[in-house]
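Given the structure of chain B, go ahead and fit chains W, A and H onto it with the hints provided.
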Amino acid sequence: MTTLTDTATPLLTDPAPEGGAAGAASRPLVEVENLNVWFSDAHGRRSHVVHDVSVQIHAGECVAIIGESGSGKSVTARTLIGLTGPNSHVRADTATALGRDIQTLRDTDWRSIRGKDIGFILQDALVSLDPLRTVGAEIGESLRLHGVRDRAERAARVEQLLAEVGVPEPHLVAGQRPDQLSGGLRQRALIASAIANHPSLVVADEPTTALDVTVQAQVLDLLAQRKADGTAILLISHDFSVVGRLADRVLVMQGGWIVESGTAAEVLENPQHPYTRQLLDAVPSGHTKGEYLTEEGRARAAARATTAGTSQRTAPAGVGNPAEPKDEASQVPAVLSARGLTKSYRGPDGRDRTVVRDVSFDVHAGRTLGIVGESGSGKSTTASMALGFIAPDAGTVLLDGAPWSELSLAGRRSRRREVTVVYQDPLSSFDPRWSGERILTDALDAGTAPGVFASSRARRAHRQEQSERAAQLARLVGLTPEHLAKHPLRLSGGQRQRLSIARALAPEPKVVVLDEAVSALDVSVQAQVLDLLTELQETLGTTYLFISHDLGVIHHMSDEILVMKDGVAVEHGDADRVFEQPEHHYTQALLGSLQALSTTVR
Amino acid sequence: MTAQPQSQPRIPADAGTTGGVPAAPHPAGPVQSATWRRVPVTVWIAGVFAGLLLLAAFAPGVLATHDPRAITLGSPLAAPSWEHWFGTDQSGRDLYSRIVHGTTQSLLIGLGSAAVGVGLAVVFGSWAALGGRWADAVIGRAIEVLFAFPILLLAMVFIAVYGPSVQTLILAVGLGIAPGYARMVRAQVMSVRRSGYVQAAQALGHHPGRVLAQHILPNALRPLLAVLTLGIGQSIVWASGLAFLGFGVAPPSPEWGALLEAGRPYIIEAWWLEIIPGLAVLATALTATVLGKFVESTLEGER
Amino acid sequence: MNTPPSPNAPENRPVSAWQTATTTASSRARRRPGALTAGIALAVGSALVLSACSSGTAGPQEQAALTGSATEPVQGGVLEYGHLQEPNCIFGGWIQENFTARQVLDNLVSATEDGSVVPWIATDWEVSEDQLVWTLTLRDDVHFTDGTPLDAEAVAYNFDYWMDGGNGTAAAHLGGFYDHSEVVDADTVEIHLSAPFAPFLSTLSQSYFGLQSPTALQTRTVEENCTEPIGSGPFTVKDWKRGEYIEFERNEDYDWAPENARHQGPAYLEGIRWNIVPDGTSRYGSLLAGEMDAIGEVPAVNIAEARQRYDFTQYITPGRPVVINLNTERGIFTDQAVRQALSHATDREANIESAFLGTVPFEPSGYLSQSTPGYDADAAQQYPFDLEKANELLDGAGWTGRAEDGTRIKDGQRLQVKIVYGLNTIVTPDGNTAIQNFQEQARAAGFDIELRPLTPSENFSGAYSTPDSYDGSVGYWTSPHAGILNINYRPSTEEAPNGANTTFLDNEEVFTTIQQALQAPTDAEVTATFSEAQYQLSELAPAIGLYTQTNTLAVSDRVSGLWLEPAQGGPIFHDAHFTSEEARDSSQGFSAANAENEG
Amino acid sequence: MSVTTETLTTAPAQPSSPEPVRRGRPVTSTAALIGKKVLGALFVIWAAASITFLIQSLLPGDRATLLLNQQTGQVQERSAEELAPINEQFGFDDPLLVQYVTFLGGLLRGDLGISYTLYQPVTTVIGDQIVPTLVLTFTALAVAWALAIVLLLLTARRAPWVSRIFSGLESAAAALPQYWLGIILLVVFSLWLGLFPVVSGSGTAGLVLPALTLGIPLAGFLAQVMRAEFERTMDEPFVLTARARGMSDGGVRLRHVLRHSLLPGLSLTGWAVGAQFSAAVIAENVFARPGLGRVLVTAVNGRDLPVVCGVVMLVALVYVITNLIVDTAYILVDPRLKEAA
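Chains as they are written, first to last, in UniProt numbering: chain B, 1 to 602; chain W, 1 to 303; chain A, 1 to 599; chain H, 1 to 341.
By construction, these hints were calculated from the structure, which means they are not laboratory data. Glycine included, every Cβ here is placed at the ideal spot set by N, Cα and C. Hints should not be assumed to be uniformly reliable.
[As the list claims (entries may be wrong)] Label-pair restraints from in silico Cβ distances:
no., chain 1, residue 1, chain 2, residue 2, range
1, B, Arg339, H, Ala32, 56 to 62 Å
2, B, Ala391, H, Asp235, 38 to 44 Å
3, A, Ala496, H, Phe189, 56 to 62 Å
4, H, Asp235, W, Trp134, 37 to 43 Å
5, W, Ser297, H, Leu134, 56 to 62 Å
6, W, Ala70, H, Leu134, 47 to 53 Å
7, B, Ser428, H, Leu324, 33 to 39 Å
8, B, Gly175, H, Leu134, 32 to 38 Å
9, W, Trp134, B, Gly85, 48 to 54 Å
10, W, Thr65, B, Ser428, 51 to 57 Å
11, H, Ser163, B, Glu169, 40 to 46 Å
[Unchecked claim] Output of the computed footprint for chain H on chain A, the stretches with three or more beta carbons under 8 Å from beta carbons of chain H:
no., region
12, 240-248
13, 273-279
14, 454-460
15, 465-476
Chain B with its partners taken away, still in its complex shape (with noise of 0.2 Å):
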């Protein structure tokens, strides 16, 4: 615990006290023994979603919940709401939240519980405050609905809410929607609403998932305020850096039990459970780079080892330090070349605003580079105009030392298997209707499929080499035929990155964009696909432009970096110098907020 809180940076205005006041309170405000949760579905089928899970909460403590997707934590969290839903069935040896039974609690008695005794926070407030109304409205219904009648006073209330939370100009910001507001001040204001009429107990449910980094800092700063004022909180997370910024307790959730419980400083630095193990492995950061996260990525590499002579397509490399022949890079030809990029868009209000401007990059045969930015930095924008989607209002993409930008439509197209690309939402990019051996086929097929007056024999014969060779590509991946002849939708998130990844290499291209690839994943998952990248590079010698926000994949990814903020590329640079050596205050702001979250758990 201590650790963690010592790596607080200046953004960390207040750091939470020692320990908190946890050992203090005599009785805790939420008890919980053996909670068990049922779902059943429309047939009457149930599934045991929560098993045994006992915790207990103190007064001005954060107890944190980590896991990932699907592991229980969030139903637990609503558990001690009375939200847990509809055909929800709980039973628990006791289950009292400040001091009341939860199991016998009827709807009305939760009204009166809920948003005066327990907050409730969600992630991202862009949907989790009703888009069409006003913060201010949204704060002020929880004074409402908790007895503050009167309506000026109800707004000189939000008023000094959203001040409390840190929100410049409360009185603007109140009357503007959750869409018109920064990511940073609708979280706030989200914040407000949940804490509007103090309550004892907070449970923050992924309250910074989907945050730019900065943001989410400066959100764990005002949890911890509460916390120091007393606020109980129970947050749910599946980032061990928030977590770690936060807890003083852990419980660890995998398939609807706890795996593993502690202190914050036990588990995360001393894990005992493989599963936490595994977690922590499985983070990106600079520490990791060049390595494989995974287990299997490390056997893998260490089976291809073995065999690396015999390999004809695979470039030389090192099994355990693939970034090794990267080092004479500058010598290798820039395959993808960006100079001067400039792209501007017309407001609603009928203004120009350049979302990128003068960016210029090379990408070199064999490396990555990475593109870091937060949201709005023009990162999605530039990797369009690399892809040849959009065209640059100014400046030119090289593709080869070859005119790419510039081409026609009909020119580009004969082009375009020389680019492809990898997107943050895999299945949203493959056609509802096709299955997965159709997908690659097709992607196989780009430019190269018989034409229509073909006979068919030759049609059949085309079709069952790419039948094969879709195979191939799927094994390239680490998917099995049966995989492929699977829908996308019954793929988990991890299969369809991998199948997604392997349409990309289908048509052999000389550059793959990977745009934001890995950031909706989980994190034992994500750890599985940067694994798969990894040993991509180093056996194929594929080259990519990486985009992402996550400075720790970002570093863990790339050989060289580019730092956007608000469409200007800021830094440049080698990836190690840039972040052990950033210049540009940006960047050290950036860098300073990963820190401040970034655990030291190796």
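Then chains W, A and H, alone, in the frame of chain B:
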């Protein structure tokens, strides 16, 4: 706290994602994929009724008990009985047999109008969505005008030119329902065009024609299959409304709209002449709706 | 509708009604026996009006009113009347416009149930030897509601107005005969004809010949004359909410009712609300619910009940009944034998009995309805149901082959004919049933009849009026006399086209006979010659009779004294009155437009 | 029925964060936007009128004959001599283009012409009838909305059997033929129970059944499209947030979820106005109500071109205005659309 090494991925389809909306507190995910296989009773009933309708449409003789045209001057307006299940009409014709024989035309009108309407909608809706700013503007305006235009007038024009026939009604009703569907198609095509998989296909360098044929049209039009079935019911209702205003099929056709119009004066004394054909229209429209919704949800479930 | 009804000096009421009646009774000239008093005509009970008065009060009361009974009818109240169709104008050439015109305008003469006429504005008349000049003597005390006198000048003006586009139907009746009018003095006018026209007076009894104020016609806009014509009748138009109702208000000065009116002097009612209720079920329902005091056009299916519950009157329109006119100029029906065969082919009597549930008489004649003076019942009966005869005729005509569906074939041509009819404009839903029955029955003889109902626009636009557009068309034409034959069967010529000849029959013999009948000097000769014409037509078989066009009226027991006038079957409200003061006081009266629908 | 609304298409680039609080946005293009809308509306009205004019002029059959026959209640051919004065009066003999230009000229002067059959200025004819029709149409809309909203609040996302039964009822309501429903309502409530007048007229009591006749099927449609959105919104995180604030289920439905489900209902309403008019014809017929529906049917039957054009233009105008209102309502309901617009 006991550590339980047992790990069961609860939601295979969703496992591995944390972004976006947090997992719903109730497990809608795992069941949904299997739900569509379990067909609700209402769909069964609708299916059986649809089967009867098709039988009546293609082989009315199998279901009918009487010649639908045979008049019995002695017994007009006879109440439903064992001999005449739905009673007889003002000419002593067997109403049940007339409804059975009217199925062909009524279904034809329903299917035909829906096909014409949706067909026009597909052509013009896609054109508006894909044809650029001008096409969109022109077609958009045309749709507006059609919306603002009473269908009654259109029907009258067609009837004046081609006479009151099934084809005329199909054209008139089809044109009447087309603008609504055209807007849907346009929106649908636009959303598919912006979808990730279309961009993905473009990124692979596929020819625009191929992208259109392989991705945009199939995916944009698939939901329309359900809409088409819904349109069938609407068209029958519309067509019978036109019959009510005197723009129906020529007698002695037992088309349902014509039956309704003919039965109206007898609503008090011979309620069956009005109520039963109305129920037939309602049941058919409802059947189409139920089946359409089922198809829609099945398709969605597959996604 | 927002101006309150102005009290029109009720003291000024002239009371010379009975005198007028006596004058008429003694009048000379060419008036048929039996026309002396309407009372006799009523008592005799002609075939015209099949009256069923279950209440048993209406009939005697009417007579009592006529004979000047001591019991004074209830005064005042606004009668709610439910009517099928809305006119375009109050006065015009459409039959619906006659019904409304009859409330507002007076005619020169009034028709009686037996087809004769009695004095109204014209108290006396005389015709010259050559039958070309009619001299009409007028009442001297009549004035229009705009205050101008109804004198010879006004009558002459009206004649010219009718013939000169003021009323198309009036022109159709008299157009070929009228020459000019001459004002002799204020009370005498001479009408000069270009050819003798026996049914002249009877023609004038129709409301196409309603008299309007020349001043109003000349000084007001077409619109004003359309919606509020100025006449001298018992009512004036108070308000017209199109699509909903027309309100008529009592003419307080009225004192010149026709001789066959049930009383003289102003109407008993304060006014009438003439509600437009197109749907039959609603119309009859509104009577049942007590919203209406009387309704017209009782649906056939309700007639049996209406006879029991209400004072029910049915009027059989004289003139051409509802017939199928066969196209004698083009197509299959140019063959007389085929026309005859079709006339024999179906059991029309049973058909009509069934289709109209026995409420409307079958009309065997294709030319005149049984209520028309001069109708020949024997000539009408020439084509009884005789399938064998029909088959023989068709075999004889060469239609010997049979298609799979039983349709006859000749030289590869099917015996297939198209019959067009204006549904809901000309032919009622019940009539539609009858036509479908006819279609089905004719299949037995090998006819394949295609029915083509026409929308009003198609029907009236003439698109289906040309020889090449149909084999048969269904229609009727009201006329108080047999002279309708001249309208319907005068051959169309280049100089004088006759669109009313819908069978396109061009037969010199028939035409000549009709002309003779029109010019015959005596009633007996007129009737005999029209008989001959009917036999001739019957032989040619250009038309097939189906049923008579009827008007019906059902009156609740809250009101009494309502009757259908004999010329065209329109309702007469002048004599109507509430049966009790309670009934009157429960009526809503005028100016309740906004607070209505309480009951 | 799944009506796809394309409402939430936002601008390509997200707002960047440099200025944390954005003050009011410039209203540069409001005038241009209004101008565009008005032009579009005028186009729709002009096009509707022109199409009507063409249709009416090109239909088979002769207009003069029709007028003459209608005046006399006869069905027959007419001689050129008889028709000449009518052709002269209304200019039916002029070349079509001349007639059209005359017609347009009249429109520009605000002169809709004089009815061929009623001899009244079209403005008078329409003016007399517009109120009952608008009252009926908008009462029916109100009824439909009220029914749909109550139904949704009470039944959407409840126990499965409740939702299923009521969504079935909605489908049934949407599939109801209006005239059939009207006749049944009339027979049951007016003739049997005597609760409402048989002849509706233009009074208030007479408005109930016609409004239900038009409103119930529309309510079915509305509820169908809104239910889908309503149930989707019930799954949104902000619903959970609101519940966690201590709000009751009913409160959440009413204050949060309902507002979101209004959007598809609103767009359906915009579309439905035109169709509602055709349906009003039927209701006016069944219930003996005055109104433009009846005027239109009569005018169409009588080929009373000025009246038909006038009514069509009016319907187009009402449609256009309703859609402008709907657009505005859209923005009121979802203020985010203001920026997208």
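Now for the hints, and whether the structure bears them out:
{"no.": "1", "hint": "B:Arg339 x H:Ala32: 56 to 62 Å", "result": "38 Å, violated"}
{"no.": "2", "hint": "B:Ala391 x H:Asp235: 38 to 44 Å", "result": "39 Å, holds"}
{"no.": "3", "hint": "A:Ala496 x H:Phe189: 56 to 62 Å", "result": "57 Å, holds"}
{"no.": "4", "hint": "H:Asp235 x W:Trp134: 37 to 43 Å", "result": "40 Å, holds"}
{"no.": "5", "hint": "W:Ser297 x H:Leu134: 56 to 62 Å", "result": "39 Å, violated"}
{"no.": "6", "hint": "W:Ala70 x H:Leu134: 47 to 53 Å", "result": "49 Å, holds"}
{"no.": "7", "hint": "B:Ser428 x H:Leu324: 33 to 39 Å", "result": "35 Å, holds"}
{"no.": "8", "hint": "B:Gly175 x H:Leu134: 32 to 38 Å", "result": "37 Å, holds"}
{"no.": "9", "hint": "W:Trp134 x B:Gly85: 48 to 54 Å", "result": "50 Å, holds"}
{"no.": "10", "hint": "W:Thr65 x B:Ser428: 51 to 57 Å", "result": "56 Å, holds"}
{"no.": "11", "hint": "H:Ser163 x B:Glu169: 40 to 46 Å", "result": "45 Å, holds"}
{"no.": "12", "hint": "240-248", "result": "holds (count 5)"}
{"no.": "13", "hint": "273-279", "result": "holds (count 5)"}
{"no.": "14", "hint": "454-460", "result": "holds (count 6)"}
{"no.": "15", "hint": "465-476", "result": "holds (count 4)"}
When the structure is compared with the earlier hints, violations turn up for hints 1 and 5 and for no others.
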